[in-house]
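Engineer: So you can see what is in the structure, the chains are spelled out below.
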Amino acid sequence: MGRGQRGSVIEQLIVIALLALLVATAFTVVRLRSLFATAMLTGIYSFLGASWMLLLDAPDVAFTEAAVGAGISTVLILATLSLTTREERPTPFRPLPLLVVLATGAALLYATLDMPHYGDPGAPAHLHVAPEYIADAVPTAGGEVVHVGIENVVTTVLASYRGYDTLGETTVILTAGIGVLLLLRRRNGRTGTRG
Amino acid sequence: MNTILGLFNYWIVIILMMTGFYIVMSRRNLIKKVIGLSIFQTSVFLLYITMGKRAGGTAPILDHERFEHYTNPLPSVLILTAIVVGVATTSVALALIVRIHEAYGTVEEDEVRGMDGAE
Amino acid sequence: MRHQSILRIVSKLLIPYILLFALYVQFHGDYGPGGGFQAGVIFAAAFILYGLVFGLEPARRAAPPALIERTAALGVLLYTGVGVVAMLRGGAFLEYGALEHDAVHGQHHGILLVEAGVGITVASVMILIFFAFAGRGQRR
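Residue numbers (the numbering used here), protein chains in the order written: chain R, 1 to 195; chain Y, 196 to 314; chain A, 315 to 454.
Treat the hints as calculated values from the structure; they're not laboratory data.
Covered, in the sense of this in silico footprint (three residues per stretch, anywhere, with C-beta under 8 angstroms from a C-beta of chain Y), are these stretches of chain R:
(1) 14-26
(2) 30-44
(3) 56-63
(4) 77-87
(5) 125-134
(6) 165-178
EDC-like, lysine to aspartate or glutamate: derived pairs with alpha carbons at most 16 angstroms apart:
(7) 228(Y) with 305(Y)
(8) 228(Y) with 88(R)
(9) 228(Y) with 304(Y)
(10) 228(Y) with 87(R)
(11) 228(Y) with 303(Y)
Some, not all, of what chain Y presents toward chain A, calculated at C-beta under 10 angstroms:
(12) 278
(13) 283
(14) 289
(15) 297
The model shown is predicted, which means the values in this text are computed figures rather than measured ones.
Each residue gets a CB set at the ideal place from its N, CA and C atoms; glycine is no exception.
Throw the hints in and build the complete structure from the sequences for me.
Structural biologist: Here it is as structure tokens:
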């Protein structure tokens with residue numbers, strides 16, 4: 001019925017509601033001074049984004065965004081708040097950031113006029129490497145065709161066809177963990193060079 | 196009208212990106228800046244995922260008996276790792292903020308700069 | 315006190331299932347949405363929930379930081395090790411087809427090991443980051 005066909009009216013309404021909530025959450029984060037409330041709203045923002053990603057046929061990414069954005073990230077921001085301050089000092093309004101943001105936004109909006117329409121099957125993104133990945137037959141430089149044969153194309157691409165990138169990114173995660181340990185670990189009461 | 200329907204996803208995402216950008220530029224509290232950066236980052240992820248969607252397609256999990264067209268898996272792959280790397284780098288930024296607070300007693304950017312300049 | 319006991323009882327019920335779900339997501343990444351990154355984050359979330367509800371010391375006993383630091387590096391080592399073994403068996407770096415006699419089975423086993431490495435590293439790093447932040451507020 002609705003699955004696989006062009007989005008039904010209900011789906012369009014849900015998408016519009018999600019987008020409106022996303023924009024409302026982002027605008028509220030700008031104005032709020034209580035950092036605790038902004039941490040919660042950031043978690044809600046990530047969760048709404050994950051819901052929209054699910055409607056955009058990306059369940060793996062929605063999964064990760066919900067777990068990371070609404071879970072881990074919120075916990076880390078709250079931990080930072082417990083170690084530092086809870087309130088933001090009021091900032092006087094200066095027009096320059098707003099002008100820069102409006103100019104950049106206008107330039108980007110002008111650039112979107114060149115982009116392919118939402119869901120267009122003929123968009124360049126769908127034409128080059130993606131059909132090879134979906135058909136699970138990627139030609140290599142040696143002439144032979146690599147075939148993996150598992151159902152989840154995202155895992156295939158992540159672990160096999162683009163496995164080298166994933167190795168680099170796992171190393172980045174390890175390095176970030178080492179960085180946090182260097183900055184924040186206490187050993188037996190001594191905290192490091194500067195008090 | 197067709198243009199608006201086809202492009203309004205990108206416009207909403209650009210509005211979200213600019214909101215995050217504005218928070219980074221205009222607020223002086225370091226934690227607020229990091230939160231604005233996180234909002235910017237999530238909006239960029241949404242932009243990529245929006246570009247990968249194919250009308251009439253389904254999630255990229257192969258089931259050739261029932262579905263013919265699939266959404267592009269490549270943006271999903273890129274953003275999947277970007278999300279986890281993003282939280283790792285955000286945690287490094289927050290760890291730096293904690294150390295700044297311990298050293299200066301404040302996380303407001305102008306006060307930190309003032310204390311540094313007075314030395 | 316009443317709220318504390320609700321949290322403690324519900325967490326005690328949920329945490330084993332969260333860990334089990336993380337393992338499910340890890341190993342079913344081939345057949346449905348899932349994989350190493352999601353599973354690592356969910357696994358770490360179970361430990362973080364335990365640390366939040368029951369305190370940092372019990373969480374440190376459940377996941378000793380000395381062990382977790384080693385498993386964080388172990389995941390990346392596993393990933394690189396799969397690549398090196400593929401090279402030793404005559405293929406290129408990370409060419410899973412060279413791991414077994416049958417190229418498709420080599421791909422399956424290679425993906426399994428590589429995703430396990432990713433999951434181990436991501437879970438360990440998230441747990442370590444949480445311990446670092448939570449431990450900073452303690453006065454020794």
